[in-house]
Amino acid sequence: DARVTQTPRHKVTEMGQEVTMRCQPILGHNTVFWYRQTMMQGLELLAYFRNRAPLDDSGMPKDRFSAEMPDATLATLKIQPSEPRDSAVYFCASGSNWVTEAFFGQGTRLTVV
Amino acid sequence: GDSVTQMEGPVTLSEEAFLTINCTYTATGYPSLFWYVQYPGEGLQLLLKATKADDKGSNKGFEATYRKETTSFHLEKGSVQVSDSAVYFCALYYNHLSGGGADGLTFGKGTHLIIQP
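Line order of the protein sequences matches chains E and R.
Sequential numbering of the first sequence, starting at 1, is according to our numbering.
Sequential numbering of the second sequence, starting at 1001, is according to our numbering.
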């Protein structure tokens, strides 16, 4: 059963610490999205990769967030330094080239205290 | 830019009632349209989709028709069940690579549906 795998599922960290979230897209998918979900803002697109190249990261605060795909099986989202306002659920999703469907992971619930 | 507007929730209905969740969109081209569902503590799951005008997507008793003339993709179900309680997201995807501009799935803010026995 192919699925997008995100780790960790939950993360509690102190303000100022570095946080790294990982995503394993479905094998063969070449499009990867990172979304942040909060009650106030809903789902916000942070970054979007195709064939490991970033196509759009305009939704990401560049001063503290970074997203990479070291290889086709791993996408990472890093926050350094973390702040309480970063507390949210972060979702990774993957899809094929023309995005006929995006498959979501179960998310990483981040709490920054 | 592209955007999706869906009705605010929560929407509370009794079991076996008829459901409509409105969704309208703004896009510069001809996007593909989706409804996703999110159950508590889980990620989003695709419920149904339509890729061109007049297409009807359907799944699990839900259906939605791609209406280009009204730029809408309203979700309907004839008889809801308690197990349908979830948050529903309308979304669009338009590949701007051929025409420039932003790309990616754009979501509405979600509609929380509560079905009471």
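Read the hints as simulated data drawn from the structure, not as lab findings.
Just to be clear, a hint being listed does not mean it is correct.
Claimed, not checked - Calculated pairs, SDA-like style, for lysine to any residue (alpha carbon to alpha carbon, straight line, at most 25 Å):
{"#": "1", "chain 1": "R", "residue 1": "K1052", "chain 2": "E", "residue 2": "R50"}
{"#": "2", "chain 1": "R", "residue 1": "K1109", "chain 2": "E", "residue 2": "G28"}
{"#": "3", "chain 1": "R", "residue 1": "K1049", "chain 2": "E", "residue 2": "I26"}
{"#": "4", "chain 1": "E", "residue 1": "K78", "chain 2": "R", "residue 2": "G1041"}
{"#": "5", "chain 1": "R", "residue 1": "K1109", "chain 2": "E", "residue 2": "T38"}
{"#": "6", "chain 1": "R", "residue 1": "K1049", "chain 2": "E", "residue 2": "D71"}
{"#": "7", "chain 1": "R", "residue 1": "K1060", "chain 2": "E", "residue 2": "F103"}
{"#": "8", "chain 1": "R", "residue 1": "K1049", "chain 2": "E", "residue 2": "A67"}
{"#": "9", "chain 1": "R", "residue 1": "K1109", "chain 2": "E", "residue 2": "A67"}
{"#": "10", "chain 1": "R", "residue 1": "K1052", "chain 2": "E", "residue 2": "H29"}
{"#": "11", "chain 1": "R", "residue 1": "K1049", "chain 2": "E", "residue 2": "P81"}
{"#": "12", "chain 1": "R", "residue 1": "K1049", "chain 2": "E", "residue 2": "E101"}
{"#": "13", "chain 1": "R", "residue 1": "K1056", "chain 2": "E", "residue 2": "S96"}
{"#": "14", "chain 1": "R", "residue 1": "K1109", "chain 2": "R", "residue 2": "Y1039"}
{"#": "15", "chain 1": "R", "residue 1": "K1109", "chain 2": "E", "residue 2": "V112"}
{"#": "16", "chain 1": "R", "residue 1": "K1109", "chain 2": "E", "residue 2": "T111"}
{"#": "17", "chain 1": "R", "residue 1": "K1077", "chain 2": "R", "residue 2": "T1028"}
Here is how each hint holds up against the structure:
Distance restraint check for K1052/R and R50/E: the Cα-Cα separation of roughly 23 Å lies within the 25 Å cut-off, and the hinted pair is therefore satisfied. Simply put, K1109/R and G28/E have alpha-carbon atoms about 30 Å apart, too far for the 25 Å limit, and the pair is violated. The suggested pairing of K1049/R with I26/E holds, with an alpha-carbon distance near 20 Å, which does not exceed 25 Å. Annotation: proposed proximity of K78/E to G1041/R holds, straight-line Cα distance about 22 Å (limit 25 Å).
Between K1109/R and T38/E the CA atoms are separated by roughly 10 Å; this keeps the pair inside 25 Å, and the hint holds. A hinted pair counts as satisfied when its Cα atoms are at most 25 Å apart, and K1049/R with D71/E does not qualify at roughly 30 Å. A distance of roughly 18 Å separates the Cα atoms of K1060/R and F103/E; the hinted pair therefore holds under the 25 Å criterion. At roughly 29 Å between alpha-carbon atoms, K1049/R and A67/E are farther apart than 25 Å, so this suggested pair is violated.
At most 25 Å may separate the alpha-carbon atoms for a hinted pair to count; K1109/R and A67/E meet this at roughly 24 Å. Distance check on the hinted pair: K1052/R and H29/E sit about 23 Å apart at the alpha-carbon level, within 25 Å; holds. Using a Cα cut-off of 25 Å, the hinted pair K1049/R and P81/E is violated, with the two alpha carbons roughly 39 Å apart. Between the alpha carbons of K1049/R and E101/E the distance comes to roughly 8 Å, so the proposed pair stays at or under 25 Å and holds.
Note on K1056/R and S96/E: the hinted pairing holds, with a Cα-Cα distance of about 22 Å set against a maximum of 25 Å. Distance hint between K1109/R and Y1039/R is fulfilled; the C-alpha atoms sit about 15 Å from each other, no more than 25 Å. Distance restraint check for K1109/R and V112/E: the Cα-Cα separation of roughly 24 Å lies within the 25 Å cut-off, and the hinted pair is therefore satisfied. For the proposed pair K1109/R and T111/E, the alpha carbon gap of about 22 Å is at most 25 Å, so the pair holds.
Taking the CA atoms of K1077/R and T1028/R, the gap is about 29 Å. The hint is violated against a cut of 25 Å.
Of the hints listed earlier, those the structure fails to meet are numbers 2, 6, 8, 11, 17, in rising order.
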